[in-house]
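Got chain X; can you put chain Y on it based on the hints?
Chains as they are written, first to last, in numbering that gives the first Met the number 0: chain X, 0 to 192; chain Y, 0 to 574.
Note that these hints are calculated values from the structure, not bench results. Check before you lean on any hint, since a few could be wrong.
Covered by chain X, according to a simulated footprint, are these stretches of chain Y (three or more residues, beta-carbon under 8 Å) [said to hold, decoys possible]:
1) 9 to 18
2) 335 to 342
3) 440 to 453
4) 531 to 543
Cβ pair distances, simulated, as ranges [what the hints assert, rightly or not]:
5) Y:D319 <-> X:N122: 17 to 27 Å
6) Y:F516 <-> X:M108: 22 to 32 Å
7) Y:L392 <-> X:S132: 27 to 37 Å
8) Y:T324 <-> X:M108: 15 to 25 Å
9) Y:S268 <-> X:M108: 26 to 36 Å
10) X:S132 <-> Y:E169: 36 to 46 Å
11) Y:G304 <-> X:M108: 18 to 28 Å
12) Y:A469 <-> X:P83: 54 to 64 Å
13) Y:N420 <-> X:S132: 39 to 49 Å
14) X:N122 <-> Y:R220: 38 to 48 Å
15) X:E158 <-> Y:G455: 33 to 43 Å
Even glycine gets a Cβ: it sits at the ideal position worked out from N, Cα and C.
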Amino acid sequence: MEKNIIIVGVGGQGTLLASRILGAAATLKGYDVKVSEVHGMAQRGGSVITYVKYGQKVHSPIVAKGTADLILAFEMLEGFRYLPYLKKDGVLIVNNQTIDPMPVITGAMKYPEHIVEKIEQKNIRVVCVDALSKAIEAGSTKAVNVALIGSLAATSPIEKDIFIQALKQTVPEKFLDLNKKAFELGYKTGTEQ
Amino acid sequence: MKKMMLGNEAVARGMLESGISVVSSYPGTPSTEITEFAAKYEEIYAEWAPNEKVAVEVAIGASIAGARAAACMKHVGFNVAADPAFTVSYTGVNGGLVFCVADDPGLHSSQNEQDTRRLAVAAKIPVLEPSDSTECKEFTKLAVSLSEQFDTPVILRLSTRVAHSQSLVELCEPTPYQRKPYEKNPGKYVMMPGMAKVRHSFVEKRLKDMAAWAETAPVNRIEMGDTKIGIIASGIAYEYAKEAVPNASFLKLGLTYPLCADLIKDFASKVEKLYVIEELEPITEEFCKTLGISVIGKEILSLEGEYSTELIKKAILGIDDTVYTQDDQLPIRPPIMCPGCPHRGAHYVLKKLGVTVNGDIGCYTLGALPPMQSMDTCVCMGASVSMVHGFGLADPAFNKKTVAILGDSTFIHSGITPLINILYNKGVGTVIILHNSITGMTGDQQNTTTGYTLKGDATNIISLEKLCEAIGVKRIRVEDPFDLQGFEKAVKEEIAAEEPSVIISRRPCALLKGVKFPGPISIDPNKCIGCKMCMKIGCPAIVLKNDRPVIDSTLCNGCGLCKKVCKPNAIGDNK
Chain X
0 MEKNIIIVGV GGQGTLLASR ILGAAATLKG YDVKVSEVHG MAQRGGSVIT
50 YVKYGQKVHS PIVAKGTADL ILAFEMLEGF RYLPYLKKDG VLIVNNQTID
100 PMPVITGAMK YPEHIVEKIE QKNIRVVCVD ALSKAIEAGS TKAVNVALIG
150 SLAATSPIEK DIFIQALKQT VPEKFLDLNK KAFELGYKTG TEQ
Chain Y
0 MKKMMLGNEA VARGMLESGI SVVSSYPGTP STEITEFAAK YEEIYAEWAP
50 NEKVAVEVAI GASIAGARAA ACMKHVGFNV AADPAFTVSY TGVNGGLVFC
100 VADDPGLHSS QNEQDTRRLA VAAKIPVLEP SDSTECKEFT KLAVSLSEQF
150 DTPVILRLST RVAHSQSLVE LCEPTPYQRK PYEKNPGKYV MMPGMAKVRH
200 SFVEKRLKDM AAWAETAPVN RIEMGDTKIG IIASGIAYEY AKEAVPNASF
250 LKLGLTYPLC ADLIKDFASK VEKLYVIEEL EPITEEFCKT LGISVIGKEI
300 LSLEGEYSTE LIKKAILGID DTVYTQDDQL PIRPPIMCPG CPHRGAHYVL
350 KKLGVTVNGD IGCYTLGALP PMQSMDTCVC MGASVSMVHG FGLADPAFNK
400 KTVAILGDST FIHSGITPLI NILYNKGVGT VIILHNSITG MTGDQQNTTT
450 GYTLKGDATN IISLEKLCEA IGVKRIRVED PFDLQGFEKA VKEEIAAEEP
500 SVIISRRPCA LLKGVKFPGP ISIDPNKCIG CKMCMKIGCP AIVLKNDRPV
550 IDSTLCNGCG LCKKVCKPNA IGDNK
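Isolated chain X, as found in the complex (with noise of 0.2 Å):
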C-alpha cells in the first residue's frame, strides 16, 4: 500500500506545516515517509504545492499527475488548479476560503464561480470544510491547518490517536492545546461529511 497526498494552498496558509504533522503521523505509524516542500519566492504568497508519500518503500517524493489518494486544499481555487494530481476516485478535501490571487485584484480575470459544484459534476467526492471559522473558534485563525489535519484525519487509515502524538512532536508546545482544539473540531467535521 502506499497513500500519495498532495497539500495545496497559497503560500502563508500554514501548508508546510500540516504537511509535516501528516508525515510524522505515517512515521510513527511505521512507514517509509517523503514529504516535499516548498521554500523561497513561492512562499511570499503564490500557489503552493507539497507532497506526502508514505507506504512501505517510497522512491520519489513528488506525487505523479492521476496518482493521489487525497488533495487537501486550504483554498477554492487551489483545489481546482491541481486537480489534474488526482486518481480515480481519489477524494479532495476543501477549506472553503478563497483568497483573490493578484489577477483577480487587478480586474484582468474572474475569480472561477461553482467551484465545488464543477468538481462533483466530475463524479470527485468533495468535502468541504469551514477551517477558518474552526480556527477561530479554537483561539487562532493560524489554525486553519491544524483544523484541516484533524479534516484528513477523520478520513485516514491512521488512527487519531497517532495524528495527535505527530501534533505533539510538530508544534510548539505553547500552542498545542490550541491546536489540540482546532484539530478536534476539523477532525468532527470531517466525520460528518
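Okay, now just chain Y, sitting in the frame of chain X:
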C-alpha cells in the same frame, strides 16, 4: 535512531558526523537550510558570509589550516565563488573541503537554470549527487573522505527536490576529528605560474585516479532487472525513474564527475535499450556518446525544467496516468509582496514617477509583476548598481530618469564595488538601498546590516550610511518608504542631482518578530467613492467585491499604506 530530515538538514548532520567544524555560506534557495541546521550544532562554527566568494575562501583557509570545512550556496552562488573554487582545485586541501551547491531545475526560486556539473567539469572538481536524505548525509561524509584521500575539494550537488524533501535518516555517532597540523608548502598553496603548472599536472592525474576509483565505488551501483530497458540516472532523477519504470535495470551514479567508463560500458552491454535520465544538461549522455555507446536521452527528455515520474513514464513507456484534466482558464497565482511589506511603498513611488528601475535579486524583484510592474531589469546580485551606470553611459539622459534598487544584503554582497565604480568613473547614478534589516526571500536570515550573527549573537552592524560616505558618496539620505510623499520627493531630488546619490529606504520586513502592526483595518463603504486607488498598491488583502474594494481581514495587518493613497479618507480602524 531514525529521524525524518530535510535533505538540507541531513547534509548538516553529515557535516557533524564527519567532523566538519567550519561552515561559511551565503543564503540562497534551495541551499539555505544546510547552514541554518549546521549552526544548531555546538560542534560546528557556522556563519553567513557577505557573499559566496568570501564563504568559499573562508572554507579554503580553514581547510588549509587543517580543519574540515564546507561552504554552501545555490547554483548561481557558485558563479560568484568560481574564482577561488577553480584555483583551490589546483592547491587541493589539507582538512577535507566540501562545496554544497544546490541547483534549481524548474526555477522555483532562481534567475536561471544552470547545471553546476558544467562548472565542476570546467574546474575539474569531482561531484557527488545524493538522491534522498539518507544519501545527503552519507555523501557529505564521503565527500570529506574523498577530499582528503585525493587532495581535492568536492562538490556535493543537490537539487531543489533533494534539498527540500524530507525522508528518514539513520543517525550515527560523529567521528572525532583532530585538526591536521598546518605545514608551510608554497609549492602546493601559492599558486604562481611556476607552482600552478606543477599542480595542473597533479589535477589531471587526480581526475584519472578518481575515475579509476569510480569504477568500483559503492556509490555507483548496478541494479539488474528486466534487461529490455536499462537506465543510467543520478540524483532525484533516479528516484523518478525508479518509480516510473520499476522493473528496468539501473545504473545509479553517485559520483557524476569524473564518470566511470568501464562500468557504463559493462552496463550498456547487458541491456537492450539504454536511456540516460538526467535533469538539465546532457553531461552523462555526452560522455556515453564519446565512448561510442548508443543511448537515448535529450531527444525524448527536455533540457529544460525539472523532471517527474509522469514525464519519464510517458517518454519511455508511453503511459499517461492522468484521470482528470483542468480545462478551465484559471487565474494564475504568482508570488506577491506580503501585506505590510516595506518594498511596496518604494515600488509604488517608482511606478508613479515612471522611472526606469534597474532591479536586483530579492523579495523586491516581485515589483516586476503586475500591478506594480515598476522594475525594468534583474540579472544577478548587485547588477542593478553597475547597470544604472551603464544606462547613463549609453545616454546621459537616463541619469535623470533611472535608479538602481537593491536590498541591504544584496548591496553588501555585490553592490559596493559597482558603487565604487560609479564614484571613481564620475558616474551619476541614484541607488536605492532597501534596508529591511533581514535577508528576506530566502526565509529571513541575518546579515551584516542586522546586528546579529547566524548563531543569534549580537554583533557589529555595518552602517550603510557610513559605508557609502567612506566610498565618497556625498548625497546620502534615509527615507521611510511608507512616507510616500517624502519618498517621492527624495527620488525626484536625487535623480535630478548631477552626482551619485544613495537613498536608504529604511523600514523592517513585515515578517520580523519585533514588527508589530495594529491589526486589520477596513473600508467605510459610505465614504468609499470607488476610485480604486487603494488597489494600485497591489496589496493581496484588498480585493474587489461588487466592484467596490474591501479589505480581507484574514490577510490585513493594518500596516496602513492603503490609507495614504485613499483620497476620501475612507479607510480606517476596524470597528
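Problem - 39 to 49 Å as the expected CB spacing between S132 (chain X) and N420 (chain Y), which holds or is violated - result: Violated: the Cβ-Cβ distance is about 57 Å, outside 39 to 49 Å.
Practice task
Go ahead and decide if the range 27 to 37 Å is satisfied by the Cβ distance of L392 (chain Y) to S132 (chain X).
Solution key: 60 Å, violated
Handout entry: Cβ contact check, 8 Å cutoff: the segment 531 to 543 of chain Y against chain X, three residues minimum
Key = holds (count 6)
Handout entry: chain X covers the segment 9 to 18 of chain Y, three or more CB atoms within 8 Å, holds or violated
Key = violated (count 0)
Handout entry: Residues of the segment 440 to 453 of chain Y with Cβ under 8 Å from chain X, three needed, outcome
Key = holds (count 3)
Problem - Distance restraint evaluation - S132 (chain X), E169 (chain Y), Cβ atoms, bounds 36 to 46 Å - result: 43 Å, holds
Problem - C-beta pair G304 (chain Y), M108 (chain X): status relative to the range 18 to 28 Å that was hinted - result: The hinted range 18 to 28 Å holds for G304 (chain Y) and M108 (chain X), with Cβ atoms some 25 Å apart.
Problem - CB-CB spacing for P83 (chain X) and A469 (chain Y) relative to the 54 to 64 Å hint - result: Holds - the Cβ-Cβ distance for A469 (chain Y) and P83 (chain X), about 56 Å, lies within 54 to 64 Å.
Practice task
For the range 15 to 25 Å, tell me whether the beta carbons of T324 (chain Y) and M108 (chain X) fit it or not.
Solution key: 20 Å, holds
Practice task
Please test the hint of 17 to 27 Å on the beta carbon pair from D319 (chain Y) and N122 (chain X).
Solution key: 20 Å, holds
Exercise for the section: For the range 22 to 32 Å, tell me whether the beta carbons of F516 (chain Y) and M108 (chain X) fit it or not. Expected result: 29 Å, holds
Practice task
Take a look at whether the Cβ-Cβ distance between N122 (chain X) and R220 (chain Y) falls inside 38 to 48 Å.
Solution key: 45 Å, holds
In this structure, the hints that do not hold are numbers 1, 7, 9 and 13, in rising order.
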